[in-house]
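Here is how the chains run, residue by residue.
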Amino acid sequence: MIALSQSKTKRLVALHGWSGVLLSILLYVVVLSGTVVVMAHEIGIWSAGNTSVAHPLEKPVDHIVRSAAKSVPPKYYDEIRIRETVNGELSIFFHTHVKDTDGNFADKGIRFIVNPVTQEVISRREGFVREVFGDEPKTALERFLLNLHIRLHIPGMLGLLATGILGLWMMVAGISGLLAHRHVIRDMFVPERSGDRLAAVRDRHALAGSWSLIFAFLLAFTGSFFSFAGSIGIPVVGMVATGGDQRALVERIIGINKPDDPRPAALASLDYMVMDSTRRAGTAPDQILITHYGRRDASVRMLHPASEGSLMGQTLLFEGPSRTFEGVKPFLGTVPSVSNTAVGLMGPLHFGDFAGMLSKIVWVALGSAMTFVILTGTRLWIRRRAEEPAWQAYRRIMVAVMYGFPIAMVACAYGFFLALPSGETHYWTAFAFIGASVLCLIYGWRERDVSRSADRLCWILAISLIALPLVRLLMGGTAWSEAMISGRTIIPSIDILLVMGGLMLLRWGRVASMFSITKPDSSRVLGPAE
Amino acid sequence: MSALITTIACVLSLCAIRTMMRGDAKRMRVVGGTAMEPTRRIVWLSRVLLWGPGIVLAALGDAAGFVIWLGALTAFGWAMVAMPHLTLAATLPIRRYVDDARYWALGRYVAVRRIIEMPSRIAELEQEVADMRRELDALRAEREDRAA
Numbered sequence: 359m360i361a362l363s364q365s366k367t368k369r370l371v372a373l374h375g376w377s378g379v380l381l382s383i384l385l386y387v388v389v390l391s392g393t394v395v396v397m398a399h400e401i402g403i404w405s406a407g408n409t410s411v412a413h414p415l416e417k418p419v420d421h422i423v424r425s426a427a428k429s430v431p432p433k434y435y436d437e438i439r440i441r442e443t444v445n446g447e448l449s450i451f452f453h454t455h456v457k458d459t460d461g462n463f464a465d466k467g468i469r470f471i472v473n474p475v476t477q478e479v480i481s482r483r484e485g486f487v488r489e490v491f492g493d494e495p496k497t498a499l500e501r502f503l504l505n506l507h508i509r510l511h512i513p514g515m516l517g518l519l520a521t522g523i524l525g526l527w528m529m530v531a532g533i534s535g536l537l538a539h540r541h542v543i544r545d546m547f548v549p550e551r552s553g554d555r556l557a558a559v560r561d562r563h564a565l566a567g568s569w570s571l572i573f574a575f576l577l578a579f580t581g582s583f584f585s586f587a588g589s590i591g592i593p594v595v596g597m598v599a600t601g602g603d604q605r606a607l608v609e610r611i612i613g614i615n616k617p618d619d620p621r622p623a624a625l626a627s628l629d630y631m632v633m634d635s636t637r638r639a640g641t642a643p644d645q646i647l648i649t650h651y652g653r654r655d656a657s658v659r660m661l662h663p664a665s666e667g668s669l670m671g672q673t674l675l676f677e678g679p680s681r682t683f684e685g686v687k688p689f690l691g692t693v694p695s696v697s698n699t700a701v702g703l704m705g706p707l708h709f710g711d712f713a714g715m716l717s718k719i720v721w722v723a724l725g726s727a728m729t730f731v732i733l734t735g736t737r738l739w740i741r742r743r744a745e746e747p748a749w750q751a752y753r754r755i756m757v758a759v760m761y762g763f764p765i766a767m768v769a770c771a772y773g774f775f776l777a778l779p780s781g782e783t784h785y786w787t788a789f790a791f792i793g794a795s796v797l798c799l800i801y802g803w804r805e806r807d808v809s810r811s812a813d814r815l816c817w818i819l820a821i822s823l824i825a826l827p828l829v830r831l832l833m834g835g836t837a838w839s840e841a842m843i844s845g846r847t848i849i850p851s852i853d854i855l856l857v858m859g860g861l862m863l864l865r866w867g868r869v870a871s872m873f874s875i876t877k878p879d880s881s882r883v884l885g886p887a888e
Numbered sequence: 008m009s010a011l012i013t014t015i016a017c018v019l020s021l022c023a024i025r026t027m028m029r030g031d032a033k034r035m036r037v038v039g040g041t042a043m044e045p046t047r048r049i050v051w052l053s054r055v056l057l058w059g060p061g062i063v064l065a066a067l068g069d070a071a072g073f074v075i076w077l078g079a080l081t082a083f084g085w086a087m088v089a090m091p092h093l094t095l096a097a098t099l100p101i102r103r104y105v106d107d108a109r110y111w112a113l114g115r116y117v118a119v120r121r122i123i124e125m126p127s128r129i130a131e132l133e134q135e136v137a138d139m140r141r142e143l144d145a146l147r148a149e150r151e152d153r154a155a
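In order, the protein sequence lines correspond to chains A and B.
For the first sequence, my numbering begins at 359 and goes up steadily by one.
For the second sequence, my numbering begins at 8 and goes up steadily by one.
Bear in mind the hints are in silico, worked out from the structure with no lab data behind them.
We put the beta carbon where it would ideally sit given N, CA and C, even for glycine.
Some hints here could point you the wrong way.
[Stated by the list, open to error] Result set (SDA-like, lysine to any residue): computed pairs, CA atoms no more than 20 Å apart in a straight line:
1. B:Lys33 / A:Met546
2. B:Lys33 / A:Arg551
3. A:Lys718 / B:Leu77
4. B:Lys33 / A:Lys496
5. A:Lys718 / B:Ile15
6. B:Lys33 / A:Arg544
7. B:Lys33 / A:Ala558
8. A:Lys718 / B:Ala10
9. B:Lys33 / A:Lys718
10. B:Lys33 / A:Ala557
11. A:Lys718 / B:Phe83
[Unchecked claim] Just the calculated beta-carbon pair ranges, DEER-fashion:
12. A:Gly781 / B:Ala65: 47 to 53 Å
13. A:Thr847 / B:Ala65: 30 to 36 Å
14. B:Met43 / A:Ala751: 44 to 50 Å
15. B:Ala66 / A:His413: 29 to 35 Å
16. B:Lys33 / A:Glu745: 30 to 36 Å
Chain A extracted, bound-state conformation (with noise of 0.2 Å):
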């Protein structure tokens, strides 16, 4: 594609290799992680075996408010959060920014969680946002895996910072593979040769990295700007801009409050502005946030996904005692432009979920190549290096990541089900998936013959999928009919999907044969995608 000298494709060749490989391990985890929370709220509706299709917000909230309200103290009247759980249940959240322990800034307050249909109170529970929040039962699968792809369990700063960086190596790979590739275009169209030779694991890897570039790019780029924006873009870019006045960042990038005004006054009707936002923004609000409750000041965002056909979602400021509509409130400053745009667009860019289940499909199969391409560029350099000890070695890891990671997910669903009655599902989600790791990558380095290793490993996977739903049954899941009757058919969706995953893999599942040679190869010399 562009032309370089021998020595400097060598030195691209060189950079994509290594980049590539010295972190496969935790690309692989992060990305297929990353595919499978693509369907994240999906997942924890099937684990929670939630049945209510109808949105809370979508119903009368506002008498369930103001009782709530009754019985909480005024000095949690700073903020109120309303919002879906993953049960199709009403959270309400009274809360203030105290510092905790640690001396850090956290919300405190407490929590209701409502019938949103009978209007009845099913909890009430005061602390730190991570104690009335963090220990839900039912979100512990959705939370474990999502967790997984944003920080690898890696506490603080440290793992956002760790996933961050895995996104720009991704993206030094993707640049440095297209460059080194020069005839992108031309392959286009040309799959793999036949037979086992190198120039086939080549074709294989070329051609899935040159399909998937823009979107691996994309997705690694975006997933690098959640990693660090938070935690350090844009506070920095800020401090910078604004002299290190921490005031003036705030008013620059959340929005400028309106002047206190401590009055008392009465919230105006949310069922009103509800609906008035719902109309305006063409969908039904996801989240709703008070701030100043009972107060002349009070005023209500109502945060909107993405209406058919727009990529973003936005978010609808109310004056709270008037209910005056005043305005959109920008995702980053306090007028639109063009860097709010452009920040507004990394969330769906990245998470897929702007248009309901056909850009999830999409995502999930935008993840997959990527997958792909990242277990065919690992083979293809252990291929290459097939006789020497320390990458025969690096191999037989990598087939049991290449199976253990998806095994362990699912174990962590089987920790996640089993433990459902007994309420500990945090604990034995985690055991779960720690055990079952564990025990891949001894059983992936004990085992010599790499085919039977492969083989194994992938049985075990498949048939480890296929019992997942009947293990969800047996331990009180929410049965088809049910499911049916109620409209939610994506809880028999992925039973169905992990059975015929399952299959498949039984079927199929030789593609494991992907790190075993049959024959050496004493081929050294560089291709062009090597």
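Use these hints to put chain B onto chain A, whose structure you have.
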């Protein structure tokens, strides 16, 4: 409606990729087939089908549809190109499974029907046997009469 338009756009562009694949000489050398020699009209039609739906979606201001179209094109386009042998012959195992399942289901259906129909069938057969016996008795009686 938007989802339907986007799906149609994706299908049209994927059809164009399939046509372009079959006209790619290098690909055909690799898969061991003969490249279709497309006429100028087919080449232009493929190009229009490939890019046209995306341009239409963009012109309609359907940003979500455009991004889905582009994503589907890269992901499913790759899948199509990467599987050169995805022909009827390659889908034989699937079809065999489907056929087996169909015959299995048909067999069970017929068996269940037979079991359900068994009492009435037995009654019919008994009736037939009784009729035949009656006829036989009548014939015997006739023969005995004749002999007498």
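Item to complete: Would you check the hint for lysine 718 of chain A and phenylalanine 83 of chain B, treating anything up to 20 Å between C-alpha atoms as holding?
Response: Holds - the C-alpha atoms of phenylalanine 83 of chain B and lysine 718 of chain A are around 14 Å apart, at most 20 Å.
Worksheet item: Does the Cβ pair glycine 781 of chain A, alanine 65 of chain B satisfy 47 to 53 Å?
Response: holds, 50 Å
Discussion item. Just to be sure I understand the hint, the distance between the Cβ atoms of threonine 847 of chain A and alanine 65 of chain B should be within 30 to 36 Å; is that true here?
Written reply: The hinted range 30 to 36 Å holds for threonine 847 of chain A and alanine 65 of chain B, with Cβ atoms some 32 Å apart.
Worksheet item: Within 20 Å, alpha carbon to alpha carbon, are lysine 33 of chain B and methionine 546 of chain A?
Response: Roughly 10 Å separates the two Cα atoms, so the pair holds.
Fill in: Outcome of range test on Cβ distance (methionine 43 of chain B, alanine 751 of chain A; 44 to 50 Å)
Because 48 Å falls inside the window, the suggested range holds.
Worksheet item: Holds or violated: are the alpha carbons of lysine 718 of chain A and leucine 77 of chain B at most 20 Å from each other?
Response: Satisfied, since the Cα-Cα distance of roughly 13 Å is no more than 20 Å.
Discussion item. Can you tell me whether the CB distance of alanine 66 of chain B to histidine 413 of chain A sits inside 29 to 35 Å?
Written reply: holds, 33 Å
Discussion item. Lysine 33 of chain B and lysine 496 of chain A were given as a pair; does the straight-line alpha-carbon distance stay at or below 20 Å?
Written reply: Roughly 53 Å between the alpha carbons, so the hint for lysine 33 of chain B and lysine 496 of chain A is violated.
Practice prompt. Using the Cβ atoms, figure out if lysine 33 of chain B sits within 30 to 36 Å of glutamate 745 of chain A.
Written response: holds, 32 Å
Worksheet item: Has the given pair, lysine 33 of chain B with alanine 557 of chain A, been kept, meaning a C-alpha gap of at most 20 Å?
Response: It holds: about 15 Å lies between the C-alpha atoms, which stays within 20 Å.
Worksheet item: Straight-line Cα separation of lysine 33 of chain B and alanine 558 of chain A no greater than 20 Å?
Response: Cα-Cα ~15 Å, so holds.
Item to complete: Quickly compare the C-alpha distance for lysine 33 of chain B and arginine 551 of chain A to 20 Å and report which way the hint goes.
Response: With Cα atoms ~11 Å apart, lysine 33 of chain B and arginine 551 of chain A stay inside 20 Å; holds.
Of the numbered hints stated above, those contradicted by the structure are hints 4, 9, listed in ascending order.
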